[in-house]
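Protein chains: 6
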Amino acid sequence: MEKRGIGKIALLLSLGDGDIESLQKYYENKNYIIYRGQAGSMDSKKIIAAIETAASREDIIRENYHEEHALYHAIIEALSGYCRGQVLLGEVLRSAGLTFTIVRGTLVEDEPSSGNWIAVVLYGQIGSPRRGFEHEAIGMGIQPI
Amino acid sequence: MEKRGIGKIALLLSLGDGDIESLQKYYENKNYIIYRGQAGSMDSKKIIAAIETAASREDIIRENYHEEHALYHAIIEALSGYCRGQVLLGEVLRSAGLTFTIVRGTLVEDEPSSGNWIAVVLYGQIGSPRRGFEHEAIGMGIQPI
Amino acid sequence: MEKRGIGKIALLLSLGDGDIESLQKYYENKNYIIYRGQAGSMDSKKIIAAIETAASREDIIRENYHEEHALYHAIIEALSGYCRGQVLLGEVLRSAGLTFTIVRGTLVEDEPSSGNWIAVVLYGQIGSPRRGFEHEAIGMGIQPI
Amino acid sequence: MEKRGIGKIALLLSLGDGDIESLQKYYENKNYIIYRGQAGSMDSKKIIAAIETAASREDIIRENYHEEHALYHAIIEALSGYCRGQVLLGEVLRSAGLTFTIVRGTLVEDEPSSGNWIAVVLYGQIGSPRRGFEHEAIGMGIQPI
Amino acid sequence: MEKRGIGKIALLLSLGDGDIESLQKYYENKNYIIYRGQAGSMDSKKIIAAIETAASREDIIRENYHEEHALYHAIIEALSGYCRGQVLLGEVLRSAGLTFTIVRGTLVEDEPSSGNWIAVVLYGQIGSPRRGFEHEAIGMGIQPI
Amino acid sequence: MEKRGIGKIALLLSLGDGDIESLQKYYENKNYIIYRGQAGSMDSKKIIAAIETAASREDIIRENYHEEHALYHAIIEALSGYCRGQVLLGEVLRSAGLTFTIVRGTLVEDEPSSGNWIAVVLYGQIGSPRRGFEHEAIGMGIQPI
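Here the protein sequences come in this chain order: A, B, C, D, E and F. Numbering-wise (full-length UniProt numbering), the first sequence opens with residue 1 and increments by one. Numbering-wise (full-length UniProt numbering), the second sequence opens with residue 1 and increments by one. Numbering-wise (full-length UniProt numbering), the third sequence opens with residue 1 and increments by one. Numbering-wise (full-length UniProt numbering), the fourth sequence opens with residue 1 and increments by one. Numbering-wise (full-length UniProt numbering), the fifth sequence opens with residue 1 and increments by one. Numbering-wise (full-length UniProt numbering), the sixth sequence opens with residue 1 and increments by one.
Check the hints yourself; a few may be wrong.
Listed next, the in silico PhoX-like pairs over lysine-lysine satisfying Cα-Cα at most 25 Å (straight line) [claimed, not checked]:
(1) E:Lys45 - A:Lys45
(2) A:Lys45 - C:Lys3
(3) B:Lys45 - D:Lys45
(4) F:Lys46 - B:Lys45
(5) E:Lys3 - A:Lys46
(6) C:Lys45 - A:Lys46
(7) E:Lys45 - C:Lys45
(8) F:Lys30 - B:Lys46
Just so you know, the hints here were simulated from the structure itself, not pulled from any lab data. Since the structure is predicted, the reported quantities are computational estimates derived from the model, not experimental observations.
If we strip away everything but chain A, and leave its shape as in the complex, we get:
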């Protein structure tokens, strides 16, 4: 099997399809730190805060600005991809309900020389605040840490 990149690991976990628990275990045994959570809001800063809080609480990043900066930029890139351009939700009358996945480890599995990186994937629904008037969206940000 081809070696997976940190992005593909985070994406497979985000899609939550198939035996996710085994997949997560498999990569935790390879020293990846992994967390999956949920967030939903018309307020983009609440989604950002939910991810930052989870990352701190789960010790995915250490309490220094260097690492917080890497996480923040990965989140903003993921959100920018999710929104496909301007990072706006409620301001343009739309809402997001999503699963976020944070993965920290080497850029490519089994390649320690590829260095430590952090990947954030957002996968879920985006649309008007009315149920059923929404479609799927995805976004991913990857930063060195």
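Got chain A sorted already, so can you dock chains B, C, D, E and F onto it with the hints?
Same frame as chain A, now just chains B, C, D, E and F:
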């Protein structure tokens, strides 16, 4: 098993992980039209052209402006997510090498009332034109058709 | 006389110059659905909501996601043109007072083969919240429906 | 009749609907300087250059940086509205064929105290380089001069 | 010594390094109008309002739309540079604490023919609302007035 | 004297005002790595390439993707600030002639615990390709490394 959305179908196919051929067959039997191809360039318009050409050649869209417009907007949204903001590659000295996946069918599997949509997913590498100086990226656009 | 496009029809109605009632009648007799309303706010989502509400109430779009999606994207494109870039009003301390025009019908008059489209035009004033410190702006979005 | 703003004057002239020559004369007699031209390209800088060249040749702006700056920003704002976001044409595989209208005069007709402004309106078609696969677009920029 | 541009004058004053009072005096004697103030917020419109209020109160601009428009655009360009792209603070969970400097005068010192311009420089910190989790940022906008 | 941040160090060096050589020496003795160069083009990728080449040649970054990624993002942020929004030069018929300054060291002088960062500052002229029709611009990007 939960019903999958057209986005998840396109994403799973894009990641090319596991038994993709079976998955593609499975959804083709459910009347989804699916195509996977590859494109790589520093020139964003070449990537767009490769996807448009494939969609026409494979009869995923009919030769009318209505459908071409839906495809075009799905591509641009996917590219915007892939680039995380400004749709620029060579202009900012970066290059993309990616798999594109086009899926046409109902927004949610086995829900004819959800209507016909087209999803475009781009998954691959983005980075400097030097090999190894790149990381993964993803983008998805979904439009009614 | 040259056949008008759906955009020009919406633009002429927006400018509200000359005999608008006759013009609207003329195109309603050609099966265009037309609505003109007003909205003003520093809050972009209120402007979007006003247009969406009018479109539903006036039966310009049917209650399904397919059509709502087309309308939404037409509104956002119009607002993006009106704002000339980032879709921000109050966040950058400016306000908009505008007439919105929604037109649904064929892309080109008397050409049924051009398909059904929806055009949204915003025309009015943009500027600081102080009266007289504002100038005109326009934006138009056109989507297949 | 309500006093028209410089934007509405430029918009009516752009749409080229009705007796444009009379309208242009009417406003030239009120000391507005007006020019209408055509440009078409996949290359945004060629469209910008065509407008700048016309403005200089027709003495709409004087040869100083102050006025050139005002014109340039009005063009970029108009182009941004026309493109509805990112000022990109060929880079995202689309083309524009348009009429540009430049109007210089008071912000509101018959109100000398409203000061001198310049308005640029772009109205035409945008779409794929294939004929018939395009729809209308509009953009307007207004700057003090 | 090389003649300084209005931008460099504003930048040197913003950095607040060395004998700022003398520098300010020196340029005030050359007929530059200068003001330095402070603003801090997660709310971008409060920063804009603080600068506009200061400019009016200190008579840097006259009470007409022409000049207010020039100031506003200079502020937005400065803020756009400070934010490096989208003009968003709290919406993306970040905060700014900054010194703003407004300078009005000729584009180049001792060159009256270069005309009157206004420069706005923002220099300070940007980052998460937590102390110490922030780094420096700068932005400058220059407009004819 | 207040401790300077890496941004202010890079900004003061960029402005090239006063005794720059002494300032550079002073910070080199404090273990900052500093380089100043020049670039001018209508082609944004040439400016990016000039900075990347200088950084490699002068050993400011090591030859690994981790560090190259940090440098690249610092450059793009600086360029985004310089352009005040979209990172476009020739595409919108404008040109840049600038001094770039790269500084690597602690985020705050004499505070080793603030970690290693890289700052890129661009300062120069932006405008139409005609001499004298240009004004100053600045942009800065700061990234952990």
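Hint-by-hint comparison with the structure:
With a C-alpha separation of about 17 Å, the suggested pairing of Lys45 (chain E) with Lys45 (chain A) holds against the 25 Å cut-off. This hinted pair does not check out: Lys45 (chain A) and Lys3 (chain C) have alpha carbons roughly 48 Å apart, beyond 25 Å. Proximity of Lys45 (chain B) to Lys45 (chain D) is assessed by CA-CA distance (about 17 Å); at most 25 Å being required, the pair is judged to hold. Using a Cα cut-off of 25 Å, the hinted pair Lys46 (chain F) and Lys45 (chain B) holds, with the two alpha carbons roughly 20 Å apart.
For the proposed pair Lys3 (chain E) and Lys46 (chain A), the alpha carbon gap of about 49 Å is over 25 Å, so the pair is violated. A threshold of 25 Å between alpha carbons decides the hint, and for Lys45 (chain C) with Lys46 (chain A) the separation of about 18 Å falls inside it, so the pair holds. A distance of roughly 17 Å separates the Cα atoms of Lys45 (chain E) and Lys45 (chain C); the hinted pair therefore holds under the 25 Å criterion. Between the alpha carbons of Lys30 (chain F) and Lys46 (chain B) the distance comes to roughly 48 Å, so the proposed pair goes past 25 Å and is violated.
Checked against the numbered hints above, the structure violates hints 2, 5 and 8; every other hint is satisfied.
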